[in-house]
Amino acid sequence: MKVYVVGNPSAASTLQQRYRRIAEVLTEAGATVSSNFFPAAAGDEGSPLMEQVDAVVIEGSDPTPEAGHLVALALTYRKPVLYLNERGRPVNYHLRRLQESKVAGVFLRLETYSSENLPNLLREFLRRAERGEGIVGPTIKFTLRLTPAIERYLVYKAKNIKKSKADYLRELMEHIAAEDEEYQRLKGKP
Amino acid sequence: MRPSARKKIGLLYAGESSLSASYWRQWLSALPELNIIADVVPIVIDGKRRQDYTLASIMALAETIARHYAAVDGFALLYGLDHILYASAALSFCLTGLNKPVLVTSGVLQPQDGGSGGKTDVGLKANLINAMQAATLPLAEVTIIYGNRLLRGNAAYRVSAADLNAFDAPSNAVLGRIDFSIRLLERNLRSSSRTKLALASLSDRVEYLILTPWLTAPMFKRRIADAKALLVDARQCQDLPRWMRVYLESGECKKPVAVLTASPEVTLSSRRVALLPIGTPEAMLAKLAWATAMAKTPEKITSLMVQDIAGEFTV
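The listed protein sequences correspond, in order, to chains A and Y. Letter by letter, the first sequence follows residues 23 to 212 of this note's numbering. Letter by letter, the second sequence follows residues 10 to 324 of this note's numbering.
Calculated directly from the structure, the hints in this document are not laboratory data. Each hint should be verified, as a subset may be incorrect.
[Unchecked claim] Distance condition first, Cα-Cα at most 27 Å in a straight line; then the derived DSS-like pairs of lysine-lysine:
1. K264/Y <-> K205/Y
2. K17/Y <-> K124/A
3. K124/A <-> K16/Y
4. K263/Y <-> K205/Y
5. K230/Y <-> K264/Y
6. K264/Y <-> K237/Y
Predicted model, so just to flag it, every value in this text is computed and none were measured.
Extracted from the complex, chain Y is given alone in its bound form (with noise of 0.2 Å):
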């Protein structure tokens, strides 16, 4: 509130792409509780973009975001609630050096609001508040807020299609909560950056593979030969099938290939696999992407898999 205290904080809507520049700042200007909060600085990606939340709409965020990073103190971003979670890991892993808050929301800006904020679902106007406010504090981090809790976002997790907390995330990585205002849990908090943002590339050629009794081994092999790196979802499984124990080992696969799993029974000595026994899909898949585009060998890309990068193992 007193003058040397405002930020400035950059309002990112990345939603649908038939909503044009104009209509976003349009529906800000009935928001006017936001100036209280920082000074909104309102960011629209080209709707040709940001269509069906790809994997483009994301690295366009994230480009929009390194390009607008020393101008501004904070970023605040609507996405999509279906692939928040997608967003906010890929962020997490793109922007390297990350050292001012990034906040993801959800909520869909519907065009019979005819552009007025004071209509609008009070959740959604909820939320971006709480980003907002959450913009101002001293996150160094990819952090998704919802509800009244504030999450890593590359270790949260959709626990409800509808409630009001619909992410949770690892106790290590509930980075605050709202009772009234946001408190946040100092003690998860990662550290400052010392290095530059570099904005790193995601490869758009990884696969990803639910083990389940419909999984054959040409299946296997007709997606892996199309994929540069595959993450294998073994999460509800004890032990892998036998045939695929026997690909991955015997120098026949390639490719790296990432498996996600808790169970003790699965051994792989393959320096192409990496056994993951913490981190959610997302946020694995996210990774895979990112160590794909920057490693150039199988063996580098799941050494880089192994390794905590953004937090992304958090429990």
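In isolation and in its complexed conformation, chain A is listed as follows (with noise of 0.2 Å):
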């Protein structure tokens, strides 16, 4: 799972340090994190890079001013997003405004947080994002080159079973994901 981290480059050296922290957190429960605060990703020209990314994590207690942006470029591209604030810090008005919103509201989560429950939010979030709560269906496109034999296979399959064979492909995976005890260990479920 690809996360985008956002801090804000100008804060305070405590609040730069919960940044990386955010970042070693989700790495340490198995996804990959780019930032606004790390030296740029590069990513394909030919589609948004919000498309690129599968969940949006903002640390607001100082936002920066693009956080707004990104909020809501991230609900357009329908990514499930987890806005930060420090425990003691004034909620954004707006924000608060947009969760309660129909569409928004199921993309959008505001926590307020403290060291100690930190971690845990960040893996809640993302094991959230991964079961995909929230959205609607697959947005990552895949191109994958088959075998005449495997496409063969595939087109009996996706007949006897009567589904695309996007759709038992994606179920397949689903299911050796979930069957994968070492990946399970890492997304941090017992």
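Need the complex rebuilt from these two chains, each delivered in its own frame; the hints are there to steer you.
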């Protein structure tokens, strides 16, 4: 899962440390993290970068001026967004309103955190995002070249189980991932 | 996100005339995401004045921007894709002394969306959100924002009908790129104007001709007779036809003619002719319309045509 982490590059050093901690926790939980405080990752020029990530985490205690734009853009691409506020900091009024809205509220989670509950909040968000909660359908394009034999089998199988070839492959991958104990451990599941 | 940093952005809809002001407001209310970027001020141009993307509709747009100029910090504008180059170029000449960002992006609201921003095309929403954000930035010119690019409105050109990045511009007219956020290329930005905003007119009596083998001298003379000024697009030609050179040099032609050509072989000494080695046809046509409305003599018009007025000669 690709997660984009947003912090304020001009925030105080304690917050900068917090951003790095967020990236660490997400990486330890198996996510591939990119961020506005790491060197920019090269993306596919032909599609928006926001389309190429699976979820967005914003540390908004001292928000970057771009935070609102990134929330709006992530919601447009129907990406789950976790907006984190350090406990005791005021929560933005417009974000609260947005979370209450029918469409945007499905994807946006506003959370206040302390250093104790931060790792759990992040892991829980990652689990929900991975389960696709709030996501209507698969969004990542993937090109796969097959041998004629595999293609023949895929056509045969899809016809027999009355599903599309893509649905069959997606379900197969979900099953393999669920059975992969090492991967499940990495994600932080028991 | 801080209350003190919130800006007011005028969001203009200048698309299909069949959509009403109430529809536009309803559509925007289904996009609450816009309000976390800035305070949205929805503005609709009267349907009768935005019909078919005509010159009159562009003038209505310029007048609307001028009317709301003092009340907002910037403008984001939704316009038809096929006409966006003409509109943005024309606005860049009409709005002299512009000191605030005017972001033009494209997308057509479909009545069948039923006023629900949530169901609308993702590309249109992303363009609109990017335009809103860019309208909060320190830009002082008319800019096209589309896909991953932020381009000078009067130097941009169309590269594709359907790609994410349908427009491009010479390297110094690329004002920013969108990765996740919008990254401005500071060195390419125009500095703020010290004058107040003024609204200039555009003449509706300029003609545009592409130089092809089918163009004859009588046809050329007929077209110029009906117009106040003429733009000849000769970018595909090494030289002008002999009859055209003779006509333009002899003094027989009393009207101003601008020739778009990068060929060093095209040389004309008449002061009523402006040779334009740089510039897009859309921008040069808009500029000719502006110069024709501004100046009284053909010589003054051609002299304005060769000056860089609003960054249109950026390479």
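Evaluation of the provided hints:
1. Between K264/Y and K205/Y the alpha-carbon distance is near 32 Å, which puts this suggested pair outside the 27 Å criterion.
2. Between K17/Y and K124/A the CA atoms are separated by roughly 25 Å; this keeps the pair inside 27 Å, and the hint holds.
3. The suggested pairing of K124/A with K16/Y holds, with an alpha-carbon distance near 26 Å, which does not exceed 27 Å.
4. In summary, the hint linking K263/Y to K205/Y is not supported, as the alpha carbons are separated by about 35 Å, beyond the 27 Å threshold.
5. For the suggested pair K230/Y and K264/Y, the alpha carbons sit about 11 Å apart, so the restraint of at most 27 Å is met.
6. Distance check on the hinted pair: K264/Y and K237/Y sit about 6 Å apart at the alpha-carbon level, within 27 Å; holds.
When held up to the earlier numbered hints, the structure conflicts with 1 and 4 and fits the remainder.
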